[in-house]
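Protein chains: 2
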Amino acid sequence: MTALALVGAFSAVVAAQVPPDRAIKYRQSSLATMGFHFFGILAPMAKGDRPYDAKVAARSAKFVAELSEMPWHDGFPPGSESGAPTKAKPEIWKDRAKFDKLAETMQGEAAKLAQVAGTDLATMRTQVQATAKACTNCHDEFRAK
Amino acid sequence: MTALALVGAFSAVVAAQVPPDRAIKYRQSSLATMGFHFFGILAPMAKGDRPYDAKVAARSAKFVAELSEMPWHDGFPPGSESGAPTKAKPEIWKDRAKFDKLAETMQGEAAKLAQVAGTDLATMRTQVQATAKACTNCHDEFRAK
Chain A
3 MTALALVGAF SAVVAAQVPP DRAIKYRQSS LATMGFHFFG ILAPMAKGDR
53 PYDAKVAARS AKFVAELSEM PWHDGFPPGS ESGAPTKAKP EIWKDRAKFD
103 KLAETMQGEA AKLAQVAGTD LATMRTQVQA TAKACTNCHD EFRAK
Chain B
3 MTALALVGAF SAVVAAQVPP DRAIKYRQSS LATMGFHFFG ILAPMAKGDR
53 PYDAKVAARS AKFVAELSEM PWHDGFPPGS ESGAPTKAKP EIWKDRAKFD
103 KLAETMQGEA AKLAQVAGTD LATMRTQVQA TAKACTNCHD EFRAK
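Chains A and B are the protein sequences, given in the same order.
Count the first sequence with the numbering used here and you get residues 3 to 147, in order.
Count the second sequence with the numbering used here and you get residues 3 to 147, in order.
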């Protein structure tokens with residue numbers, strides 16, 4: 003590969019890269035959308051602060067599972083430690099493998115939640131708690147207070 | 003049903019209703035997440051402003067199709083005409099059937115896009131255009147400039 007070809011390949015990668023401010027806005031909007039369903043609908047149902055409705059719970063849990071796949075690839079590219087106000091800690095890009103592992107664990111719990119949320123309140127509650135734990139495990143380490 | 007039972011049933015519905023400011027934030031975050039993939043990734047690929055990558059296109063189109071189902075039920079409840087800055091026109095709640103029909107058409111186009119985005123650039127481009135038209139049809143009528 004010539005130096006020129008290398009430069010060309012690198013430019014193509016740069017061109018396809020999302021600018022930091024847009025990546026930050028994207029991760030915030032996708033996580034806010036997930037939070038709406040998880041912390042705004044499912045968690046209050048699990049706590050008894052909102053009446054359990056199997057159909058609503060199943061829909062919100064399906065959305066949470068789908069959204070759980072979205073933030074990672076496009077929302078946390080290298081270089082998006084700054085560029086807009088963000089609570090994401092720089093440690094994400096220093097220990098990416100650990101961050102990715104925690105994100106993956108959350109996705110697994112969210113997928114399980116989508117399977118059981120429409121069953122009954124007790125079953126949903128147990129899996130809401132497991133999913134909330136997975137959120138917290140990552141936030142405690144990688145999100146600023 | 004006694005009057006008291008009726009009041010109780012009504013209170014439960016009110017309790018399950020999302021407050022207008024949260025509904026507005028939710029519709030904005032879910033639509034922004036969809037816009038990131040559609041206007042930020044798929045449309046530039048279709049226009050040739052970003053290199054076509056079948057895997058990336060398929061993933062973004064899958065996300066767009068999933069997201070296309072999310073804003074409507076929880077994001078535009080009655081009473082959320084105001085409560086936070088919003089471009090949603092009051093006409094949405096005056097002609098809800100028309101709004102819902104346009105949203106449904108967009109979901110159909112997005113579902114088709116998810117099916118074909120990973121095929122090749124020309125096929126993706128045609129369906130990106132059809133989907134963009136469905137976005138615009140609703141924005142022209144129901145979103146303020």
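Just so you know, these hints were derived from the structure itself, not from any lab.
Honestly, I wouldn't trust all of these hints.
If several chains are the same, the list does not tell them apart, and a pair holds so long as it fits within one copy or across any two.
[Said to hold, decoys possible] Simulated crosslink set (SDA-like; lysine to any residue; CA at most 20 Å straight-line):
hint: 1; residue 1: K49; residue 2: V20
hint: 2; residue 1: K57; residue 2: A124
hint: 3; residue 1: K49; residue 2: Q19
hint: 4; residue 1: K91; residue 2: T125
hint: 5; residue 1: K64; residue 2: E106
hint: 6; residue 1: K103; residue 2: H141
hint: 7; residue 1: K64; residue 2: G110
hint: 8; residue 1: K96; residue 2: R52
hint: 9; residue 1: K96; residue 2: A60
hint: 10; residue 1: K89; residue 2: F41
hint: 11; residue 1: K57; residue 2: H75
hint: 12; residue 1: K147; residue 2: Q30
hint: 13; residue 1: K114; residue 2: D23
hint: 14; residue 1: K89; residue 2: G50
hint: 15; residue 1: K57; residue 2: T138
hint: 16; residue 1: K57; residue 2: P79
hint: 17; residue 1: K96; residue 2: T121
hint: 18; residue 1: K147; residue 2: T121
Each hint tested on the structure:
1. K49 to V20: between (39 Å within a copy, 17 Å between copies)
2. K57 to A124: within (15 Å within a copy, 39 Å between copies)
3. K49 to Q19: Classified as between; 17 Å across copies, 41 Å inside a copy.
4. K91 to T125: neither (34 Å within a copy, 40 Å between copies)
5. K64 to E106: both (17 Å within a copy, 19 Å between copies)
6. K103 to H141: This pair counts as within: shortest intra-copy Cα distance 13 Å, inter-copy 39 Å.
7. K64 to G110: both (13 Å within a copy, 19 Å between copies)
8. K96 to R52: neither (40 Å within a copy, 29 Å between copies)
9. K96 to A60: Neither. Shortest intra-copy (37 Å) and inter-copy (29 Å) distances fail the 20 Å Cα cut-off.
10. K89 to F41: within (18 Å within a copy, 25 Å between copies)
11. K57 to H75: between (30 Å within a copy, 13 Å between copies)
12. K147 to Q30: within (15 Å within a copy, 24 Å between copies)
13. K114 to D23: Answer is neither; intra-copy 33 Å and inter-copy 30 Å both fail.
14. K89 to G50: Neither, since 30 Å and 34 Å both go past 20 Å.
15. K57 to T138: neither (26 Å within a copy, 31 Å between copies)
16. K57 to P79: between (36 Å within a copy, 17 Å between copies)
17. K96 to T121: Intra 40 Å, inter 36 Å, cutoff 20 Å: neither.
18. K147 to T121: Neither: 35 Å inside a chain and 44 Å across chains, both beyond 20 Å.
The structure is inconsistent with the numbered hints 4, 8, 9, 13, 14, 15, 17, 18, although it conforms to all the rest.
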